[in-house]
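Trainee: Chain by chain, the residues run as shown.
Protein chains: 2
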Amino acid sequence: MRYWDDIAIGDRNAFGHYQVTRDEVLDFARRYDPQPFHLSDEEAAKTHFGRLAASGWHTTAMTMAMLVANMQAGEPQAGLGAAGIDELRWLKPVYPGDVLRCETVVEDTRPSSSRPDMGSTRTRMTVFNQDDVRVMSFVAIGLWRRRPAEGAPAVPS
Amino acid sequence: MRYWDDIAIGDRNAFGHYQVTRDEVLDFARRYDPQPFHLSDEEAAKTHFGRLAASGWHTTAMTMAMLVANMQAGEPQAGLGAAGIDELRWLKPVYPGDVLRCETVVEDTRPSSSRPDMGSTRTRMTVFNQDDVRVMSFVAIGLWRRRPAEGAPAVPS
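For the record, the sequence lines run as chains A and B. Going letter by letter, the first sequence gives residues 257 to 413 in this note's numbering. Going letter by letter, the second sequence gives residues 257 to 413 in this note's numbering.
Okay, chain A solo, but in the shape it has when bound (with noise of 0.2 Å):
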């Protein structure tokens, strides 16, 4: 199991391989973000993202199946979940065809001040398309539980 305790500032990863497809585009869009230019590529060459292009939280989405994808498949961790994100930014179109995937580094790791049993972590995630362009970025405060004393119970007794 993969405690705070075993996460350090620097760590890397790189996983992830996400097609985009138009289908999966029109009905995030049609489902969440039914703006024109995220509906035709008609109406997305008015603008500038030139075609049709994935909703911003759509790529958001697609990325979080990557991470879940890349948790599922290897050692179980310790983690309660994200309590948010920071400096989240699109910084380029996300169009159908591109072919996604991440790299991770750990920024900082910080010991909670209020819960002994608990840690914190803030992750750089980077978004690259098929260019290694970078096409979204943002930090996630993650929350994990600490390796428990050696000789603690497992259990209260």
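Fair warning: there could be bad hints in the mix.
Identical copies go unnamed one by one, so any copy, or any two together, can satisfy a pair.
With a straight-line cut-off of 25 Å between C-alpha atoms, the simulated SDA-like cross-links for lysine to any residue are [said to hold, decoys possible]:
1) Lys-302 - Val-362
2) Lys-348 - Glu-359
3) Lys-302 - Gly-335
4) Lys-348 - Arg-378
5) Lys-348 - Val-324
6) Lys-348 - Val-395
7) Lys-302 - Ser-368
8) Lys-348 - Pro-367
9) Lys-348 - Arg-371
10) Lys-302 - Pro-332
11) Lys-348 - Ala-321
12) Lys-302 - Ile-265
13) Lys-302 - Asn-385
14) Lys-302 - Leu-347
15) Lys-302 - Val-395
16) Lys-348 - Arg-287
17) Lys-348 - Ser-376
18) Lys-348 - Glu-299
19) Lys-302 - Arg-401
20) Lys-302 - Leu-336
21) Lys-302 - Asp-342
22) Lys-348 - His-273
23) Lys-302 - Leu-399
24) Lys-302 - Glu-331
25) Lys-348 - Asn-269
26) Lys-348 - Arg-380
It should be emphasised that the hints constitute simulated quantities derived from the structure, not laboratory data.
Add chain B to chain A, keeping to what the hints say.
Mentor: Below, chain B alone, put in the same frame as chain A:
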């Protein structure tokens, strides 16, 4: 048309009525965030969620749906989209059966230093549930066109 020049610090808005359904929570989670606590009540009961809860990225997507519906119902806006998001925090779980709504307040406005025809805004978005509990908050960085100078040609001659 509402331009950057028409937006002032302190401007407030309230809108949205989004019914969170179990089917939609499961659909989103299966595709984008298939962690056990977003897929079953039984697994969620083992976590601080207590019962099936929406992916945080689903909550951002539902919020975008409310925002776009509100934009499309009102005066046309000279908005150019969002450059990014700061200080996104998932404050409380969102459950099937919840009804979400939004409140916004403009926290800052700045003319662009490089593009005299553009400006940016920082708008705090707060999402509440039916019990007026804050479930999510973030700051959206919006990009806008500025109002063309009086007498300026609408189309370059």
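Trainee: Hints numbered earlier in the text: which of these fail when held up against the supplied structure?
Mentor: Of the numbered hints given earlier, those the structure breaks are 1, 12, 15, 21, listed in rising order.
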